Amino acid sequence: MTDAAVTPARLGALRHLSLGAFWLGTYFVITPVYTIFLQVQVSQTVARPIQSTATGLATGLAGLFAMVLPPLVGFVSDRLHSPWGRRKPIIVAGAAGIAVALLVLMGARSYPTVLLGFILAVAFLNTAGAAYVAVIPDTVHPGESGRASGVLGLMVQAGSVLSLLTTLFFIRIGHLRLTYLVLIAVMLLTLVPSLWAMGGSETKRPVARAPGSLRSFLSPLWTGDFAWAFFTRFLTISGLYTILPFLLFAFRDLLHLRRPAGFTTLFELCLTGVAIPVAMICGYLSDRFGRKRFVYASGAVSIFVLASFAIFQSLPQPVVLVLGMLYGVGFGAYTAVDWALALDTLPDKENPAKDMGLFHVADALPRVMIPLFAGALLDTFNAAAPLAGYRAIFIAAICLNFGGAFFVSRIKSVR
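Once you know that position 40 of the sequence shown is 40 in the working numbering, the rest is easy, because the numbers rise by one and skip nothing.
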């Protein structure tokens, strides 16, 4: 016996914000760990000529977990029956694991320990994230998917901004590793309102289904509009993470900075600070005017910024910060409709966790797998000609962003 599909009730602003709070906490961890801390700790434990490769190796190994865990956790979550619902136990367990991983990174003094801590962090972030992403279709009314996507886009950017401000503060006082304790505290505190906002909406009994083949499990990746939404996200995030993990090294070498961590943090603050209002405004507008045009606009703006860096590698610092803000406009426009594209094209709306887990892979995998190849590309080209590697990765990012904008045009069921 199965439950009939129930359309979620419409949510008030407080519940929308509370539901998205854990996403703020998640990105409060992800942004500095992926783009500042890993690079700083690699630079402290690895010889300079192979630092980009070592960074890529760490993200590549972690990428195996980012690729495998989300759909498997989603599959289990759709079938889990507990007094606390289908999603909450997995989210809470994942959050506890994230805290442990951050403590490992905080104490790391060698590259193997950095590697272990980073892999654990990625594994548990993807465990918690895979269950969390299914809470949205469980809880949000279909007519509010654009609003929910905008709120989640806001939480991504707000979490990033707040964590970067925190990181910048600890850089200035010379105690960067203490930031890990703040990351743990914020991540756990933001979990509380999200658990409240989930309420009983995700406690219905799972739909009984016989396990299918691996082909049927993965079939949403090559059939229907959901597949195009997946690859739009995969390529757009890949474009960002071809560059972002190496910004600290790029600013050090291209702008000749002695302390690049502070400027890198400031650049990312400019980017995310602009992306926050853009994501909120575009998320609201997308419910009225459609999703695709925001992805097209995002691709055009992002390509312009990347081309500027590829052509004029050594730019004045104020110009670099302005370009960061402009990139924030493009990225904010994309994050505003990112989740809405998935929610609008879900193949099975009664059992969303597995497919939302697959969609989560399109975000999580590029963050940790793309730097493996980009890091090797960067070091190889830089060895052949001074600074040539940076031009190579900017050109690669342009191609990926163009691909993301192209794939969204293939979605037929979404405006």
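Keep in mind the hints are simulated off the structure, nothing from the lab.
Be aware that one or more of the hints could be misleading.
[Stated by the list, open to error] Using C-beta positions, here's what the derived DEER-type ranges look like: (1) G224 / H256: 45 to 53 Å; (2) G224 / A300: 23 to 31 Å; (3) P89 / A300: 38 to 46 Å; (4) L178 / H81: 36 to 44 Å.
Remember, it's a predicted structure, so these values are computed and weren't measured experimentally.
Just so you know, even glycine gets a beta-carbon here, dropped at the ideal spot from N, CA and C.
For which of the previously enumerated hints does the structure constitute a violation, in increasing order of number? none
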